[in-house]
Every structure is written in structure tokens, then in C-alpha cells.
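Asker: For the protein sequence lines, the chains are A and B, in the order given.
Using numbering that gives the first Met the number 0, count along the first sequence one by one with no gaps and you end on 345.
Using numbering that gives the first Met the number 0, count along the second sequence one by one with no gaps and you end on 241.
Since the hints were derived computationally from the structure, they do not count as laboratory data.
Careful, some of the hints might be misleading.
Said to hold, decoys possible - To spell it out: a stretch of chain A is covered by chain B in this simulated footprint if at least three of its residues, at any positions, have a beta carbon under 8 Å from a beta carbon of chain B; those stretches are:
| # | region |
| --- | --- |
| 1 | 20-26 |
| 2 | 104-116 |
| 3 | 245-255 |
| 4 | 261-269 |
| 5 | 307-321 |
To be verified - Anything over 12 Å on all C-beta distances counts as not near chain B; from chain A, calculated:
| # | residue |
| --- | --- |
| 6 | Q223 |
| 7 | G328 |
| 8 | V329 |
| 9 | K341 |
Even glycine gets a Cβ: it sits at the ideal position worked out from N, Cα and C.
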Amino acid sequence: MPKILMSGNDAIAEGAIQAGCSFYAGYPITPQNELTAYMANNMEKRGGVFIQAEAEVAAINMVFGASAAGARAMTSSSSPGISLKQEGISYIAGAELPAVIVNVMRGGPGLGNIAPSQADYFQATRSGGHGDYHCIVLAPSSVQESYDLTYLAFNLADKYRAPAIILGDGMLGQMMEPLKLTTQGPKLKAKPWALTGCKGRKANVVKSFYLGEGDLEKLNLKLQKKYKEIAAKEQRWEELFLDDAKVVLVAYGSMSRIARAALKVLRGKGKRVGLIRPISLWPFPKKAFARPKNKYLVIEMSYGQMLEDVQLTLGGRAKVDFLGRSGGGVPSEEEIILKVNKIYNG
Amino acid sequence: MDKIYSHPQSLRDVSTHYCPGCGHGLAHRLIAEVVDELKIRERVIAVAPVGCAVIAYDYWDFDCSEAAHGRALAVATAIKRVRPQNIVFTYQGDGDLAAIGTNETIHAANRGENLTVFFINNAVYGMTGGQMAPTTLLNQKTSTTPSGRCAQSQGYPLKISEMLALLPGVKYIERVSLGSAPDIIKAKKAIKKALVNQMEGVGFSLVEMLSPCPTYWGLSPKESLDWIQNTMAKEFPLGVIK
Numbered sequence: 000m001p002k003i004l005m006s007g008n009d010a011i012a013e014g015a016i017q018a019g020c021s022f023y024a025g026y027p028i029t030p031q032n033e034l035t036a037y038m039a040n041n042m043e044k045r046g047g048v049f050i051q052a053e054a055e056v057a058a059i060n061m062v063f064g065a066s067a068a069g070a071r072a073m074t075s076s077s078s079p080g081i082s083l084k085q086e087g088i089s090y091i092a093g094a095e096l097p098a099v100i101v102n103v104m105r106g107g108p109g110l111g112n113i114a115p116s117q118a119d120y121f122q123a124t125r126s127g128g129h130g131d132y133h134c135i136v137l138a139p140s141s142v143q144e145s146y147d148l149t150y151l152a153f154n155l156a157d158k159y160r161a162p163a164i165i166l167g168d169g170m171l172g173q174m175m176e177p178l179k180l181t182t183q184g185p186k187l188k189a190k191p192w193a194l195t196g197c198k199g200r201k202a203n204v205v206k207s208f209y210l211g212e213g214d215l216e217k218l219n220l221k222l223q224k225k226y227k228e229i230a231a232k233e234q235r236w237e238e239l240f241l242d243d244a245k246v247v248l249v250a251y252g253s254m255s256r257i258a259r260a261a262l263k264v265l266r267g268k269g270k271r272v273g274l275i276r277p278i279s280l281w282p283f284p285k286k287a288f289a290r291p292k293n294k295y296l297v298i299e300m301s302y303g304q305m306l307e308d309v310q311l312t313l314g315g316r317a318k319v320d321f322l323g324r325s326g327g328g329v330p331s332e333e334e335i336i337l338k339v340n341k342i343y344n345g
Numbered sequence: 000m001d002k003i004y005s006h007p008q009s010l011r012d013v014s015t016h017y018c019p020g021c022g023h024g025l026a027h028r029l030i031a032e033v034v035d036e037l038k039i040r041e042r043v044i045a046v047a048p049v050g051c052a053v054i055a056y057d058y059w060d061f062d063c064s065e066a067a068h069g070r071a072l073a074v075a076t077a078i079k080r081v082r083p084q085n086i087v088f089t090y091q092g093d094g095d096l097a098a099i100g101t102n103e104t105i106h107a108a109n110r111g112e113n114l115t116v117f118f119i120n121n122a123v124y125g126m127t128g129g130q131m132a133p134t135t136l137l138n139q140k141t142s143t144t145p146s147g148r149c150a151q152s153q154g155y156p157l158k159i160s161e162m163l164a165l166l167p168g169v170k171y172i173e174r175v176s177l178g179s180a181p182d183i184i185k186a187k188k189a190i191k192k193a194l195v196n197q198m199e200g201v202g203f204s205l206v207e208m209l210s211p212c213p214t215y216w217g218l219s220p221k222e223s224l225d226w227i228q229n230t231m232a233k234e235f236p237l238g239v240i241k
């Protein structure tokens, strides 16, 4: 299969179109603008709808509407814009609508900066908006995976009728790598619940509002059952050298690429170092930690967010160290090597 | 004998939760009658607001979506773009359309979306207990303007229909009243025109209905109708705005 050179942002857009995404709404924000431009260039040509929305809030509510009408729909943004979308994401979760939301993370809090960051992990993996809900969260670490996981995100969103987030970052969005354009075609599901006009059936209603006594609790119990199933079936991760590792690095997204480079150097020097790279951040791949090793080193472009999931998963069964920077700082290969050397015999 | 009047098919045969003298039930019924007359029930997708009419989908018998407060026109835009053959309308109150949703309203209108908007103006937030709305009249008492709305600190009643009429994407705007029998007949005609416009691909159409809220106006149902005629319609003049 031929390979083409593409940026991470473009790969997400192309992956979405390959998955049958027929509606996209977005609003300009750096560092994800290439994705919106790609959709502007391609959606209408390829039979879809592109709207540059008047605001992030409008964009996510357009996704709500398109999904309610049965289309595969997506929006993308970067951290401050994703904060604005949280209300809409909560409604999408409550109305059990499938949708894909892309967050090309940048530095925060506030307007922050446009440097890559992983500081929105909590927002993505806990209910970012109001209410008891979860989004499926997938974290690509390469251009190829940006494409593949976006394709997967649409299928999972439809399967579970839940919002799915692609959690990338500015580094991954901007970098260019060869991409194999696998074209499986969309795997579309029938959506008998969608709003299409009530011809030949009872009227459909899409809503997240339950005023009757006990009704909202019933919905929440249904959601929790679904989340339990997702947590059991949809954990994804990559692991390296777990069999003999004395220290296991835990990193996701672009951070995992630097961790991997450090691992290579350390292995070259005879250090028994392994790697767990979570691909699904929610559900967190707890199964990867089933046989606790001596030591774990969590590395993030944040001051310790995924760290909490690692600690919760291990429940004190292993020592967990942390290396992180945020606000534009990226832990370097050298810093990781230094840290591993420090804890290796400690 | 010919049957000349019956319960609309598009309106479920249930009691509503609306207060005595409220205009929502009437507006729902007029829309349902027009949908039946135009034979579009099986093509309609309505978007309900947040506000007193939040459960409009329990009363209408056609496909409906909820929308977050103020976001009805973003939701409706997407539904119509995805399904251009369907007839899509929003039903929104003054707070929804002209306060929290002003952005969505102006931009859907400016894009000239081929949609229909039914805008219920009762000059007050009803569902939350009678607070000041963008359309509250000067000196009107509400729970958040206990001494009456004061222009100096609370601004003026917002005439969003007149504002929207300035936009080239907007094709039809009419303000009607639910305050008297002749006005109700005019309101129904406007509703029909706004939906026919969409069917014919004319573009963005909006019908603003001055609607009674006896509960939060502190008036009887009869006094409320008089207040629309004698006071509210002076601030919000009836007729075709565009």
C-alpha cells in the first residue's frame, strides 16, 4: 500500500471522512486549524457538510443536531475551545448520541499558550461537563494512529451511543509522517432512534431531560451499565519489555515517543526498563497493570493527571514516581534517563 | 355533514402543564394545525427550547429534539443541513432566543438557513420563576427587577426581530399576538407562511408571538390579554417586519 506524507491534524480529518463522517462543524483555534481547513476542502466535495460555526458552543451543538438526525458528526478544537464545548458534550452523553470530539491540546490554564500539552487529561477522562458521564478517550501517538483511532472512534461512538474524544496535542497535530491510507470504508449502523421524520413509525424524541420521579436515575443506571461494559471491553494499550522490566515507564501520546527513545538508550546500557503506553485513556487500561512490577515512572506533559489513574490502578502495590512538565515544557529524553537512573536502584 | 374542526393529529391528546391563561398551549396548537394542513407531519423535525416549553415534545406528535438553553438554532441548522428534505423548526422563548442564544440566533439568520423559527415573547422568564427577560418592558416588575425594569441599569426591551430584519439572509419576519381572536387568526396565517417559505426554499423565516404569562405578570388571564393589546404591542408593534 502506498504511503503519503501527512500531518497529524490532516490524518484525523481524513480518518473521519473514511469513517463516514458526513458532518463537521468547527471554529478557528491554534494548533488545530489544519484539521478545519482540511474539512472545508473535502467535506462538500465528498458529499458531507462543513460549517464554520460562530462559536465553539455552536459547533458542538451543531454536532448534537447532526448526530440526532443520524449523521456521523465531528468537531475539533484545542483546549480553551474544548472547555467551551463541555456543556454540549454533557448533553450529547445524556441524550446518548454518538459523536467524535477532537482535542489537539495546548498549554493552559486560561488562554495559556499554543505549545503542546497533556493538561486536559482530567477534563477528558472525568466528566468534563456536568453530570455523571464518561467519554471514550483515545490518545494517538503517531500520524498513522491519528488516522486509525479516529476511524475507530466513530465505530465505538456508534456502538455505544456515546461521545468519543481523540486526545492529541499540538506536537502530534503539526508533525508530518508517512501514512498508510487504509480504506476499509465506513461501517455504518442503522439508527432507528434518529430524527428523520416520523413516516411509518411513532415520533422519535432525542433528549436528556427526565423530570419524572426516578426517570433520571433510571437513565443514569443505564449509562453506568454501558460504561461498565466499555471499561471491560475497550481497554487498549501497547506494552514493551514488561516481562523483565524493573522500572516501567508509563506515557501516552507524543510523550510516549520521547519515553520510547529514552527506553532505547537505557536498554542499550543494559537497564531493564519497560513501557506501558495507554491508547485508551478512558477506559484506562487497568489490565496492563495486572502484574505489578517493582517501580513505575509516569511521564506526562502535565503536573500529574494520568498519574492518579496509575496510582488508583496499582492501589499501593508498587512504587510510582512521576516526571512531568506543563505550560510548554516537555520532559526530555535526557531528563527521563536521569530520573530512571536515580530510581533504578533506589 | 362535513367535519370542519377536530383535534389536530400533530397534537397529542394529553393535558399540558401550562398555567391557566398561558399562551404556549395555543401556540403549540396553531403550529400543530398548520403542520396538519400542510401535510408535513411525517417530515417535521422540531427543536424544543429550554424554558416553559421544554417538554413541547410531549405535546407534539412528530419528531423532536431537545436543545441546550439558547442552542436551538445551532441544533436546527445541523439537522436541516443533514436532512434538507425535512421541515425543521425551532420553538424558543425570549430568554432562549434573545439572551443566552443571541449568538446562535443572529448567525443562523445571517447564514440564511432555510429554517423556521417560532419565537414566543412573553417578556419574562417563566420556567425559572418570573425573572427579567431581554424583552421585559421598562417599569415591568419581575423577580429580578422588583422595582420595575430601569433603563439605566437594566437596559431596554430588546427588539431582536427588528435587528434580525437587517440581515440579508433573513427572508420573512412577522410579529403577531395571541392576545385576541382576530390576532390569533393572523398568527396562524403567519405560522403557515413561515413553514411554506421553508417548503419552497425561500429561507430564514421567523414569527414572533406576543404571548400571555398571567402567572408572572401578576394579572388575570383576561387582564393579560388586555395588557398585550394595550401595553406590550405598543413596545413591540405587530405586523410584517420584513
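Asker: Which of the numbered hints are not met once you compare them with the structure shown?
Answerer: 2, 3, 4, 5
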